[in-house]
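*Asks:* With chain S held as given, fit chain L onto it using these hints.
Order-wise, the sequence lines are chains S and L.
Position 262 of the first sequence, counting from 1, maps to 262 under full-length UniProt numbering, and the rest follow consecutively.
Position 366 of the second sequence, counting from 1, maps to 366 under full-length UniProt numbering, and the rest follow consecutively.
For the record, the hints were derived by calculation from the structure and aren't laboratory data.
Just to be clear, a hint being listed does not mean it is correct.
Footprint (simulated), chain S over chain L, 3 or more residues, beta carbon under 8 Å [what the hints assert, rightly or not]:
# : stretch
1 : 178 to 191
2 : 213 to 219
3 : 268 to 275
4 : 360 to 372
5 : 402 to 416
Some chain S residues flagged as far from chain L (calculated, every beta-carbon gap over 10 Å) [claimed, not checked]:
#  : residue
6  : Asp47
7  : Ser75
8  : Gly184
9  : Gly215
10 : Gly271
11 : Ala294
12 : Leu352
13 : Gln384
14 : Gly401
15 : Asp402
16 : Asp416
17 : Glu443
The C-beta atom is built at its ideal place from N, Cα and C for all residues, glycine as well.
There are 2 protein chains.
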Amino acid sequence: MSETPTAARPFGWDRTSAVRMAEPDDAGRALLAELAAALPADRVLTDADTARPYFHDEAEWAEHGSPLAVVRPRSTAEVAAVVRASARHRVPVVPRGAGTGLSGGANAVDGGIVLSLERMREILEIDGGERLAVVQPGVVNDDLRAAAAAQDLWYPPDPASAPWSTIGGNVATNAGGLCCVKYGVTKDYVLALEIVTAAGEIVRVGRRTAKGVTGYDLAALMVGSEGTLAVITEITVRLRPLRTTPPRTVVGFFDTLTDCGAAVAAVTAAGLQPSIFELVDHHCLHAVNEWRNAGLPEDAAALLLAQTDLPEPAAEIEARGILAAFEAHGARDTLMSTDPVEADALFDARRLAYPAFEQRGDALLTEDVCVPRTRVAEMLGRIQEIAARRDTLVANVAHVGDGNLHPLIMVPQGDDAARERAQRAFDDIVDAAIELGGTVTGEHGVGLLKRAGMRRELDPGSLALQKAIKSALDPDDILNPGKVL
Amino acid sequence: MSETPTAARPFGWDRTSAVRMAEPDDAGRALLAELAAALPADRVLTDADTARPYFHDEAEWAEHGSPLAVVRPRSTAEVAAVVRASARHRVPVVPRGAGTGLSGGANAVDGGIVLSLERMREILEIDGGERLAVVQPGVVNDDLRAAAAAQDLWYPPDPASAPWSTIGGNVATNAGGLCCVKYGVTKDYVLALEIVTAAGEIVRVGRRTAKGVTGYDLAALMVGSEGTLAVITEITVRLRPLRTTPPRTVVGFFDTLTDCGAAVAAVTAAGLQPSIFELVDHHCLHAVNEWRNAGLPEDAAALLLAQTDLPEPAAEIEARGILAAFEAHGARDTLMSTDPVEADALFDARRLAYPAFEQRGDALLTEDVCVPRTRVAEMLGRIQEIAARRDTLVANVAHVGDGNLHPLIMVPQGDDAARERAQRAFDDIVDAAIELGGTVTGEHGVGLLKRAGMRRELDPGSLALQKAIKSALDPDDILNPGKVL
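Next comes chain S alone, as it looks inside the complex (with noise of 0.2 Å):
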C-alpha cells in the first residue's frame, strides 16, 4: 500500500483557490505583446473571470495552476504562431479538448498558455467511399457520430462524455466506451493526423489509405499522448458501417462477486463478443434506487448488462448465449429484450450511476483501473477490503468485458479527514491493479492523477524510452510539462 505523504502527491487541497492569472514574468510580457500582435482579440483570454473554466478538467482533486492566458485559435497555422511564439520564449503550453479529462491531463501550469482547441470544430469531410472522416479537433464526439450516421457510417468510440468531449481530446487520451469491448477504442480508428510540433511546425502523419507502412507509425504515438509530444490540429478517422439492426440486451443480477466474475469468464470461454459488457454493483444501484425509485433488487451484489449487435438471428443466439452464462453461474431477474426502450430503462442503472451519485452533493473521485478480464472479481473484492479498511464508499461500474473498472470514490463536502482517506483509497486501488497484473488508467490518461501510479507499474526502461521520445520532440518541454512523464 503507498503511504506516501499527502503534500507530494497531486491532489489540490482546494481548487478555487486558484482561479488568478498568472502575473506575467518579462518572457510573459514579450510573449502577450506577441500573441496580441499575431492574432486577433477574441483569442486571448487574461482576464480570470473569463479564463476560469479553462483552468482545469473535471478531475476532482486534481492541482492546476494559474496560466499567463488562455488561447483560443480558429486555425492550425494559429496554433503554430502561438506555439512557436511560446517556444521562444520557453513558456509551457496545455493543449485542451473540451476539459471532461478525469486525470487533469488539461490542468493549466503556473505561467503557462492553455490552448483551447474548442473553436475549431469543423467536419472537414465525411468520404463513404474511403470510409473515412476528416474533422477539426475540436469537434464533438456526438456530433461527428451523428454527421456518420447521415451518411449511414458509424464512429464507435463512445466515451461517456460523447456529448461534450472532443475528438481532439479522445485522440489525446485514447478515449475508449462502451462499445470498446467489440470495436476498439480511439487508436483503432486514428488513420492520420496533422500536428503541430513543440517547435511550432505543422507536420502531417499517417495516411488516408485502408493500409500503409511507410515508416514509424508516428499517429499511433500521437495518440494517448496527452498533449506532451505535439498539439493536433486535424484528425482522419477510419468509418464503419452504420448498424440498423437493434441490439439485443441481457441482464442479469448476482448474488456474489464471485459469481459475476465466472459469469463473464463463461461469456468469453464460449466465444461470444458482446458490443457493450457492463457491471453495477449494488451501491450504484441502491444510489438510483433513491434517487429514482427505481425498484432495482437492492440485494444482489452486482448487475451485469450485455448487448449483442450480431444481425439476426445470430444475435438471437448469441444472447441465448450470454443468458445461459449469466443463468449457469447464479444470475437472478434476468431478462432479455429487442425492445429498444426496454433496453434504455435497463441501461438506466448503469447510466444514472454517476448523476446519482453526483446529486448527493459528494465529491466525486473517479478511478480507472483496467485487470486482465479473468481477474475482474478478484479485484473487486480488493475493491470492497480497500473500501473497508479506508473507510470509504467506493462503488463500481465497469467495462467488464474488457476489465476497466470505474470505481467512484465518495467523500462527503468538506471532512478533510475522509478526503484523506479517500486518497489512500485511491492509491490502494491503483497498486492492487498493478498487483493483478493490470494497469493504472484504462482508457482516462495519465495526466497528473496516474503519474505515480504510471511508476509504479511499467519497467523502468520503459519510462526510459519515453522519456527519451518525449526529449527528442520537445527537447524545452514546451507541452504540457508535468503531465503523464
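*Replies:* Only chain L this time, still in chain S's reference frame:
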C-alpha cells in the same frame, strides 16, 4: 516519373557476387572473440557457406552486404548479450525472422551481425480466458494460428508468407494479408512486446489487459519499425474467437478495369464488409491457365473474389449483396458458393498466380502500393500505361478491398536492358501511387527498396520526427542501419 540513375539506387545487380563474410577489422575481431566467449559455439556462424542463407531476404535485386557473422540466439539473454557487445564495438546488428520479406529489410550490412531469431520459436502461452497468446519471435505464423485454433481461438493476420514467416518478422513489418480487409493488420493484434534496446537492455512495453493508456504506446511504435528501433524478443498478441461457419465465396469476371473498380466501390457503398476481397488480373489468369490448364476466361480484364464470414443467413444476404454489386457493374461468369472445395478452386487463380510466373523462370519484382479504395481502377490503369511505356510485363494481384495492390514486375533472367526498364517501371508505379494519394508500401515495409519512395511520399516534417526518434532510441545507429530512414 523518377529518372534517378541506377547507380544510386538500392538494386544490387547480381546477388550472387557477395557471398563471402566480411574481413573483420580490430573491432570485428574483438566482437567475435567476445561472442565466442559469451555464447555456445553453435550460435555463431562465420563460414560463408553456412551463413549464406542469412545474407538477404526475398526481395529480388535488393543489395546486401557481407556480414561479420550470423548469430542465432536461443534466449532473450543471448540476444541482449549480442546487442550489448555489438553496441560496445559499434558493429551494426540486423535482426531477422524467416527472411521472407520483400523489401530487403533483413539484408546483411557490410561488417555487421545478422541476428536471426529463428531459434526462439516457443509458444509460451495461449490464454483463452484473456484471449491472448505470448510467443517468441521465431514462431511461424501458421504454427501460432494452429495452436490458437486448438483452443477455439484465432490469430487473424495472414500474410501470404504465413507458412514460413515468423511472428517477430510480422511484427517488425506490420504484416497484413487477406483477412485484414475486415480484421486489421498485425498492429491491431499486438498487446505487448519484450524488446532489447540498442544499448542491449531488456525492456517490456505494452500490457496484457484489453485496454490501457499508461504512457506512450511504445508497442505500436515498435510494430513496423523493421528492426531499426529495437530487437523484438517476445510478443503478446490478442486473439479472437475461432470462426466456425464456412465462408461464402462470391466471384465475378469483368471486361474492364473500370467496371471492376466500380463494383468494388459499390460493395463499400452498400455497407458490405467482405472478410476477403481480392483482384486477379488477366495476366495472372493467363499464366495460371498456361501452367495448370485451369480454363479461366482469359478475355476478362480481371477477376474479383470475395468472401463473407457472417453467421448465416446474414452471410447469404451479404453474399447476395456482393453479387448484386458485381452484376450491376457488368460481371459475368459469376458464382456464389459455400462449398469449401469449390471455394478453394475459385481461389486457385489467386493462389497460383505467383508460382505460375515463378515457374516461367522470370525474375519477379513484387510491388506493394496502397491507394485510396476508390482509386483502385485508376491505379490499375496507370500501371497498364507504365507497363506499356516501359515495355515490361506487369501482372496484378490486389487486396482490392483495402486498395493494396501487388503489381508483379517480370524480367527475363539475364536481360540487363529489361531489368533496367523494370526498375523504372517500379519507380513509376511508386510515383503514381503517391500521385493518387496513396502510399509506397501497404504491408511489405520500406526496407531498402522503398526508401526513396518513402522520402517522396512523406511530409519532410514527419521524416524529421522519425529521425529524431531513431536518434533518441539508437544514437549510434547500431540497429539495422541504412534501412527505412
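*Asks:* For Gly184/S, is the shortest CB-to-CB distance to chain L above 10 Å, so the non-interface label stands?
*Replies:* At about 8 Å from chain L, Gly184/S fails to clear the 10 Å cut-off, so the statement is violated.
*Asks:* Going by Cβ atoms, does Leu352/S stay more than 10 Å from chain L at every point?
*Replies:* At roughly 24 Å from the nearest Cβ of chain L, Leu352/S sits farther out than 10 Å, so the non-interface label holds.
*Asks:* Checking the smallest CB distance to chain L, is Ser75/S really beyond 10 Å?
*Replies:* holds (18 Å)
*Asks:* Are at least 3 residues of the stretch 268 to 275 of chain L within less than 8 Å of chain S when you compare beta carbons?
*Replies:* holds (count 5)
*Asks:* According to the definition I'm using, a residue is off the interface if its beta carbon is farther than 10 Å from all beta carbons of the partner; does Gly271/S meet that for chain L?
*Replies:* violated (3 Å)
*Asks:* Taking the shortest Cβ-to-Cβ distance between Asp416/S and chain L, state whether it exceeds 10 Å.
*Replies:* holds (30 Å)
*Asks:* Does the stretch 402 to 416 of chain L contain three or more residues whose Cβ lies closer than 8 Å to a Cβ of chain S?
*Replies:* holds (count 3)
*Asks:* Is Gln384/S truly not at the interface, in the sense that its beta carbon sits beyond 10 Å from all beta carbons of chain L?
*Replies:* holds (21 Å)
*Asks:* Are all C-beta atoms of chain L more than 10 Å from that of Glu443/S?
*Replies:* Given that some Cβ of chain L is not farther than 10 Å from that of Glu443/S, nearest at about 6 Å, it is violated.
*Asks:* Quick one: work out the minimum CB distance from Ala294/S to chain L and report holds if it exceeds 10 Å, violated otherwise.
*Replies:* At about 29 Å from chain L, Ala294/S clears the 10 Å cut-off, so the statement holds.
*Asks:* With a cut-off of 8 Å between beta carbons, are at least three residues of the stretch 213 to 219 of chain L near chain S?
*Replies:* holds (count 6)
*Asks:* Using Cβ atoms and 10 Å as the threshold, tell me whether Gly215/S really stays out of contact range of chain L.
*Replies:* violated (5 Å)
Consistency with the previously given hints fails for numbers 8, 9, 10, 14, 15, 17, ordered from lowest to highest.
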